[in-house]
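Trainee: Chains as they are written, first to last, in my numbering: chain A, 1 to 387; chain B, 1 to 387; chain C, 1 to 152; chain D, 1 to 152.
Hints in this document: simulated from the structure, not taken from any laboratory.
Incorrect hints may have been included.
[What the hints assert, rightly or not] Think about it this way: if two alpha-carbon atoms lie no more than 20 angstroms apart in a straight line, the pair counts; the simulated EDC-like pairs of lysine to aspartate or glutamate are:
1. K3(B) x D22(A)
2. K75(D) x D248(A)
3. K59(D) x D250(B)
4. K140(D) x E160(B)
5. K37(C) x E221(A)
6. K124(C) x D253(B)
7. K126(D) x E160(A)
8. K126(C) x E160(B)
9. K77(A) x D67(C)
10. K155(B) x E14(C)
11. K138(C) x E14(D)
12. K268(A) x E252(A)
13. K138(D) x E14(C)
14. K77(B) x D248(A)
15. K126(D) x D22(A)
16. K18(D) x D67(C)
[Stated by the list, open to error] Quick list of simulated restraints, FRET-style, between CB atoms:
17. L275(A) x C50(C): 34 to 44 angstroms
18. R16(D) x K272(A): 50 to 60 angstroms
19. K226(A) x W71(C): 32 to 42 angstroms
20. D51(C) x Q305(B): 34 to 44 angstroms
21. W71(C) x L144(D): 35 to 45 angstroms
22. R16(D) x K138(C): 45 to 55 angstroms
23. R230(A) x D67(C): 52 to 62 angstroms
24. R16(D) x K263(A): 39 to 49 angstroms
25. Q305(B) x R16(D): 46 to 56 angstroms
26. G355(A) x P98(D): 38 to 48 angstroms
27. P20(D) x P178(B): 50 to 60 angstroms
28. D67(C) x G304(B): 37 to 47 angstroms
[Unchecked claim] Calculated Cβ distances over 10 angstroms to all of chain D for the following chain A residues:
29. L42
30. D45
31. I142
32. A151
33. Y245
34. D316
35. L321
Virtual Cβ for every residue (Gly too), placed ideally from N, Cα, C.
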Amino acid sequence: MAKEKTAIVATGQTHHRSSRLDVNGIELIHEAVTRCLEDGELTIDDIDAVVIGNMDHFEGINYVDTWSIDGSGAFMKPIIKVTTGGTTGSTVGHCGYHLVASGMFDKVLAIGWEKNSESDTTAAITTAFDPIWDRLVFAGAISGLAVEAMAYMVKYGATEKDAARVAVRDRKHATNNPYAQLRKEVSIEDVMNSPMLSDPIKLLDVCPRTDGACAVVFASEQYAEKICDRPAWIHGISAKHPYNYLGDYDWEDRLPSMQMASKELYAKAGIKEPLKEIDVMELYLPYSCAGLSWIEALGLCGPGQAPKLLWDGVTDMGGELPINPSGGVIATNCIGATALLRISEAAVQVMGRGGKRQVPDVNTALASGFGGCFWSDVTLLKSTKPK
Amino acid sequence: MAKEKTAIVATGQTHHRSSRLDVNGIELIHEAVTRCLEDGELTIDDIDAVVIGNMDHFEGINYVDTWSIDGSGAFMKPIIKVTTGGTTGSTVGHCGYHLVASGMFDKVLAIGWEKNSESDTTAAITTAFDPIWDRLVFAGAISGLAVEAMAYMVKYGATEKDAARVAVRDRKHATNNPYAQLRKEVSIEDVMNSPMLSDPIKLLDVCPRTDGACAVVFASEQYAEKICDRPAWIHGISAKHPYNYLGDYDWEDRLPSMQMASKELYAKAGIKEPLKEIDVMELYLPYSCAGLSWIEALGLCGPGQAPKLLWDGVTDMGGELPINPSGGVIATNCIGATALLRISEAAVQVMGRGGKRQVPDVNTALASGFGGCFWSDVTLLKSTKPK
Amino acid sequence: MAQKQQDQELLQYESRIKVPYTWSVGEVGSRFLMELKENRKIWATRCPSCDMVFVPPKKTCTYCFSDIHEWVEVKDEGVLQTFTVVRYETPLIPGKPPYIIGIIMLDGADTGLVHLIAGVPHDKVKVGMRVKAVFEEKRKGHILDINHFKPI
Amino acid sequence: MAQKQQDQELLQYESRIKVPYTWSVGEVGSRFLMELKENRKIWATRCPSCDMVFVPPKKTCTYCFSDIHEWVEVKDEGVLQTFTVVRYETPLIPGKPPYIIGIIMLDGADTGLVHLIAGVPHDKVKVGMRVKAVFEEKRKGHILDINHFKPI
Ligand SMILES: [Zn+2]
Ligand SMILES: [Zn+2]
Chain A
1 MAKEKTAIVA TGQTHHRSSR LDVNGIELIH EAVTRCLEDG ELTIDDIDAV
51 VIGNMDHFEG INYVDTWSID GSGAFMKPII KVTTGGTTGS TVGHCGYHLV
101 ASGMFDKVLA IGWEKNSESD TTAAITTAFD PIWDRLVFAG AISGLAVEAM
151 AYMVKYGATE KDAARVAVRD RKHATNNPYA QLRKEVSIED VMNSPMLSDP
201 IKLLDVCPRT DGACAVVFAS EQYAEKICDR PAWIHGISAK HPYNYLGDYD
251 WEDRLPSMQM ASKELYAKAG IKEPLKEIDV MELYLPYSCA GLSWIEALGL
301 CGPGQAPKLL WDGVTDMGGE LPINPSGGVI ATNCIGATAL LRISEAAVQV
351 MGRGGKRQVP DVNTALASGF GGCFWSDVTL LKSTKPK
Chain B
1 MAKEKTAIVA TGQTHHRSSR LDVNGIELIH EAVTRCLEDG ELTIDDIDAV
51 VIGNMDHFEG INYVDTWSID GSGAFMKPII KVTTGGTTGS TVGHCGYHLV
101 ASGMFDKVLA IGWEKNSESD TTAAITTAFD PIWDRLVFAG AISGLAVEAM
151 AYMVKYGATE KDAARVAVRD RKHATNNPYA QLRKEVSIED VMNSPMLSDP
201 IKLLDVCPRT DGACAVVFAS EQYAEKICDR PAWIHGISAK HPYNYLGDYD
251 WEDRLPSMQM ASKELYAKAG IKEPLKEIDV MELYLPYSCA GLSWIEALGL
301 CGPGQAPKLL WDGVTDMGGE LPINPSGGVI ATNCIGATAL LRISEAAVQV
351 MGRGGKRQVP DVNTALASGF GGCFWSDVTL LKSTKPK
Chain C
1 MAQKQQDQEL LQYESRIKVP YTWSVGEVGS RFLMELKENR KIWATRCPSC
51 DMVFVPPKKT CTYCFSDIHE WVEVKDEGVL QTFTVVRYET PLIPGKPPYI
101 IGIIMLDGAD TGLVHLIAGV PHDKVKVGMR VKAVFEEKRK GHILDINHFK
151 PI
Chain D
1 MAQKQQDQEL LQYESRIKVP YTWSVGEVGS RFLMELKENR KIWATRCPSC
51 DMVFVPPKKT CTYCFSDIHE WVEVKDEGVL QTFTVVRYET PLIPGKPPYI
101 IGIIMLDGAD TGLVHLIAGV PHDKVKVGMR VKAVFEEKRK GHILDINHFK
151 PI
């Protein structure tokens with residue numbers, strides 16, 4: 001399916017905040033787009049097509065693609081809107097990639113955004129459950145995540161403290177990221193003492209609500225190196241959305257969709273030992289316990305071994321495989337942008353443009369997206385061109 | 001952009017009704033998909049990828065792509081959901097076309113559907129207007145269309161009776177279509193005597209609300225003729241969505257987006273005299289007056305000359321260029337399916353599978369989509385393979 | 001709610017999605033609305049590249065993607081480009097039908113404004129007639145601080 | 001609502017989108033809900049090809065796209081696969097927090113059922129415990145005709 005070698009050549013993002021009253025959604029998008037074009041020394045005339053995404057019911061806007069053209073610059077350009085819930089940002093990224101890799105366009109602008117301050121996120125998320133069966137009982141995202149954490153902890157004996165270690169890492173990393181919303185270190189005790197929301201998830205275990213946007217330019221081989229001296233080449237993507245109802249999920253296993261997606265991705269990219277071969281990961285971890293079971297799903301260690309990896313500092317800045325140098329989702333969660341930010345931040349690491357959050361010598365980076373009913377999307381980026 | 005020659009090789013639709021309480025949305029979709037697969041003597045295993053669309057706020061379902069897999073058969077297949085308002089069905093069709101024409105997939109199932117009985121369409125449509133500026137004043141689709149009809153009638157001296165002639169034609173044609181929702185002939189007097197909704201639009205001038213679905217299979221050259229003995233080859237598409245706010249529209253002209261789209265399409269396909277060269281049209285005419293000004297935009301006649309064309313019977317069955325043999329949108333309007341039905345019905349005409357609604361000897365057919373803020377999509381299909 | 005089909009009840013599940021929203025108007029839109037409120041004036045922005053005057057104001061030009069910084073006042077009167085008399089009822093609109101919706105091109109503007117037309121019998125409204133804004137006495141920074149436009 | 005930024009008021013427009021919905025349950029789902037209502041029984045459908053037993057019932061198999069016609073009764077008790085004690089408040093859920101949400105694999109079913117767990121102190125709920133449906137006295141053909149599941 002991928003005919004053209006494709007790379008990310010420019011990225012841009014807003015300074016993320018809980019509420020940006022000074023701009024409407026269109027103007028927020030414009031900030032990320034402008035920064036992205038500046039990063040690539042491009043103008044809007046260089047862009048052949050645009051893909052945009054958010055969770056449109058969060059803002060109650062139903063024609064986001066056309067509604068946002070003053071922000072995206074897409075007036076009379078080909079534009080497509082995609083929305084897949086939490087995975088929206090990775091779907092946007094994968095769509096942008098496909099639009100170039102298929103040979104349709106040479107330079108595609110991919111935009112993810114959310115203005116979470118504009119609605120009650122819990123009310124809006126609840127409408128994503130099936131109205132007859134699941135919506136009456138489940139409300140919002142947290143309880144759906146909590147049941148997964150509970151199943152993992154019971155099966156593998158992981159503790160709330162182990163999970164807290166993930167929150168401590170991500171929140172510490174966020175202090176290096178000038179764009180992050182929450183930039184305050186917390187201790188294990190702080191996390192443990194924060195209010196319980198839905199057992200075993202506490203307030204400091206979970207992501208905030210954010211106003212923010214992210215933009216990325218994908219370019220074909222013909223243009224990539226002209227625009228960027230060290231492009232982040234896409235070496236593979238995989239998207240697995242195997243569930244629909246919570247009742248269909250396999251509680252005995254650790255994020256099967258991520259196991260399927262990463263296995264497929266590693267096979268495509270020839271990766272045998274992800275912990276050794278990948279230099280940095282930007283993972284969509286909406287709550288701390290995901291930072292345990294999901295990295296097992298990614299094959300970084302065996303079942304139940306993630307807590308040790310965490311406590312050993314393997315995933316910290318300076319460790320063997322730093323995870324979320326940006327601070328991740330627990331620090332910033334403008335939902336439709338969140339998974340695109342993972343791809344964007346992975347690209348920033350490959351390009352070497354990470355500033356204080358840069359991991360040294362990144363050649364290979366992995367980004368993930370998460371959403372809906374335990375779905376996973378993954379993207380692998382490298383500094384070298386695919387064969 | 002189009003590398004692979006692409007054809008429609010199978011179509012299917014539900015029997016459309018105002019309310020289908022015996023099925024939920026997923027099961028409704030399943031009916032159209034099953035009929036489409038049967039039409040092409042295909043199984044779901046033959047399908048490489050799926051594109052689906054509806055106006056998701058009409059049903060309050062936010063993950064239509066995954067939610068509907070039991071209906072679409074897309075479990076673990078590549079699937080994308082697209083939504084662009086009234087044009088959703090043509091966007092679905094164009095997306096399905098691009099997925100084959102780009103070389104990404106060989107056989108793509110495109111699905112449009114709506115269960116309009118599940119919500120208050122006017123309330124839901126209103127949320128498609130910008131919340132700060134337009135939503136407070138405009139409500140629903142009818143008043144937005146009425147202002148366009150008013151401007152055309154005033155400028156060109158067309159009358160409500162001229163418009164009624166369009167409704168009479170489409171409602172008569174619908175009696176030939178076993179799938180149509182409204183299959184009852186009406187007279188000019190019936191239309192003129194029906195209640196005024198929003199000057200100059202009366203009840204019998206406008207489309208109903210419908211529960212229904214439509215499915216189409218697009219196939220590459222390698223497969224098309226194996227699946228279908230007379231495939232409907234796509235010779236060109238064009239989508240023009242130039243407006244966003246009603247205030248930006250050019251009331252002095254007749255549907256500029258359709259003028260732009262058809263001009264581009266005719267240039268691609270080498271069509272000089274559309275009235276002579278095209279054998280049948282399936283047009284998204286949501287209200288009768290559109291059947292006047294929009295066929296002028298399509299270049300069938302000069303400004304203000306459409307009423308004469310209508311009264312002369314040129315667009316009736318048996319006329320030089322029959323429009324809407326299916327009965328069109330005024331007879332059936334399952335919104336997310338509506339514009340895909342136009343493409344599907346155009347394909348049916350090219351394939352010669354129209355039964356009582358078949359126009360003899362169709363080699364060239366045009367389908368249109370309409371939506372949002374006076375947007376137009378067009379698709380040209382022929383019985384001959386593109387060069 | 002249930003409907004019988006042969007011997008099978010067909011259920012419908014009735015509900016109502018209620019989601020509260022607080023849309024950010026943003027700096028540019030807020031300035032426009034505050035001018036309505038405080039000064040009964042209608043301000044627009046003008047694109048430095050293509051000279052388009054936008055009402056409501058835009059921060060970026062739709063047509064050339066230029067940043068817009070210049071504000072210009074437009075008149076509170078203009079030409080009625082088109083209209084309709086809405087005669088159907090919907091719970092979403094302030095006021096009972098029949099009422100008139102119009103598109104007004106204000107003097108000095110390049111984009112039309114969607115608003116209500118009143119103070120005139122329904123059969124006297126004409127495309128091309130001049131209309132003028134009628135402001136609310138109590139204004140709150142809202143597009144409906146203009147109650148309607150009336151013919152002049 | 002307004003917030004001051006330097007000398008500029010920043011407005012927000014507050015509203016609420018209320019759209020009424022009537023979702024069709026369909027023949028298959030209606031039969032399931034009517035069995036809850038009339039007979040306090042939980043029925044499922046079984047795929048003829050892959051033998052999966054679906055609760056709630058499906059008309060088509062997710063996994064192999066087969067049409068499903070066979071109905072089988074499953075037990076009103078089963079195993080609690082996982083759960084959480086919800087402690088945050090939201091207007092959308094019946095009942096005040098804290099309350100327990102669980103996923104129950106009913107005996108005879110192959111898919112879990114999302115439902116409420118009650119009749120047990122919060123610190124006594126355990127993954128793997130057996131639970132049984134407690135039906136409402138007045139039932140209306142609704143998933144909440146089962147009030148909750150209680151440990152047995
Ligand atoms: Zn300009
Ligand atoms: Zn099966």
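Trainee: Taking the hints in turn, state whether each one holds.
Mentor: A quick look at each hint next to the structure:
1. At roughly 45 angstroms between alpha-carbon atoms, K3(B) and D22(A) are farther apart than 20 angstroms, so this suggested pair is violated.
2. For the hint linking K75(D) to D248(A), the alpha-carbon distance of about 18 angstroms falls within 20 angstroms, and the restraint holds.
3. At most 20 angstroms may separate the alpha-carbon atoms for a hinted pair to count; K59(D) and D250(B) exceed this at roughly 49 angstroms.
4. Proposed proximity of K140(D) and E160(B) is contradicted: the alpha carbons are some 49 angstroms apart, above 20 angstroms.
5. A hinted pair counts as satisfied when its Cα atoms are at most 20 angstroms apart, and K37(C) with E221(A) does not qualify at roughly 54 angstroms.
6. For a cut-off of 20 angstroms, the pair hint linking K124(C) to D253(B) is broken: about 24 angstroms separates their Cα positions.
7. The hinted pair formed by K126(D) and E160(A) meets the criterion: a straight-line CA distance of about 16 angstroms does not exceed 20 angstroms.
8. Taken as a hint, the K126(C) and E160(B) pair is honoured in the structure, with Cα atoms around 16 angstroms apart against an allowance of 20 angstroms.
9. Between K77(A) and D67(C), the direct Cα distance comes to roughly 19 angstroms. Compliance with the 20 angstroms bound is thereby established for this hinted pair.
10. Under the criterion of a C-alpha separation no larger than 20 angstroms, the hint pairing K155(B) with E14(C) is inconsistent with the structure, at around 46 angstroms.
11. The hinted pair formed by K138(C) and E14(D) meets the criterion: a straight-line CA distance of about 18 angstroms does not exceed 20 angstroms.
12. Distance restraint check for K268(A) and E252(A): the Cα-Cα separation of roughly 27 angstroms exceeds the 20 angstroms cut-off, and the hinted pair is therefore not satisfied.
13. This hinted pair checks out: K138(D) and E14(C) have alpha carbons roughly 18 angstroms apart, not beyond 20 angstroms.
14. For a cut-off of 20 angstroms, the pair hint linking K77(B) to D248(A) stands: about 18 angstroms separates their Cα positions.
15. Of the supplied pair hints, the one linking K126(D) and D22(A) is violated, its CA atoms being roughly 48 angstroms apart against a limit of 20 angstroms.
16. This hinted pair does not check out: K18(D) and D67(C) have alpha carbons roughly 36 angstroms apart, beyond 20 angstroms.
17. In this structure the hint that L275(A) and C50(C) lie 34 to 44 angstroms apart at CB is violated, the actual value being about 55 angstroms.
18. At roughly 54 angstroms, the beta carbons of R16(D) and K272(A) sit within the given window of 50 to 60 angstroms.
19. A hinted range of 32 to 42 angstroms holds for the C-beta pair K226(A) and W71(C), which are about 39 angstroms apart.
20. In this structure the supplied range 34 to 44 angstroms holds for D51(C) paired with Q305(B), their Cβ-Cβ distance being about 35 angstroms.
21. For the hinted restraint 35 to 45 angstroms between W71(C) and L144(D), the CB-CB distance of approximately 56 angstroms leaves it violated.
22. The hint said 45 to 55 angstroms for the Cβ distance between R16(D) and K138(C), and at roughly 22 angstroms that hint is violated.
23. In this structure the hint that R230(A) and D67(C) lie 52 to 62 angstroms apart at CB is violated, the actual value being about 30 angstroms.
24. Roughly 45 angstroms separates the CB atoms of R16(D) and K263(A), a value that falls within the hinted 39 to 49 angstroms.
25. Range check, Q305(B) to R16(D): about 48 angstroms between beta-carbon atoms, so the 46 to 56 angstroms window is met.
26. At roughly 44 angstroms, the beta-carbon separation of G355(A) and P98(D) lies within the given 38 to 48 angstroms, and the hint holds.
27. Take P20(D) and P178(B): their Cβ atoms lie about 32 angstroms apart, and the range 50 to 60 angstroms is violated.
28. The beta-carbon spacing between D67(C) and G304(B), approximately 42 angstroms, falls within the hinted interval of 37 to 47 angstroms.
29. Consistency note on L42(A): stated as away from chain D, and its beta-carbon is indeed over 10 angstroms from all of that chain's, at 31 angstroms minimum.
30. For D45(A), the condition that its CB be more than 10 angstroms from all CB atoms of chain D holds, with the nearest at approximately 32 angstroms.
31. At roughly 7 angstroms from the closest C-beta of chain D, the C-beta of I142(A) falls inside 10 angstroms, breaking its exclusion from the interface.
32. A beta-carbon of chain D is positioned within 10 angstroms of the beta-carbon of A151(A); the least distance is around 4 angstroms.
33. Under the 10 angstroms C-beta cut-off, the non-interface status given to Y245(A) relative to chain D is violated; the minimum distance is some 7 angstroms.
34. Chain D leaves D316(A) outside its interface by the beta-carbon criterion, the shortest separation being 29 angstroms against a cut-off of 10 angstroms.
35. Every beta carbon of chain D lies more than 10 angstroms from that of L321(A), the smallest distance being close to 29 angstroms; the non-interface claim holds.
Of the numbered hints stated above, those contradicted by the structure are hints 1, 3, 4, 5, 6, 10, 12, 15, 16, 17, 21, 22, 23, 27, 31, 32, 33, listed in ascending order.
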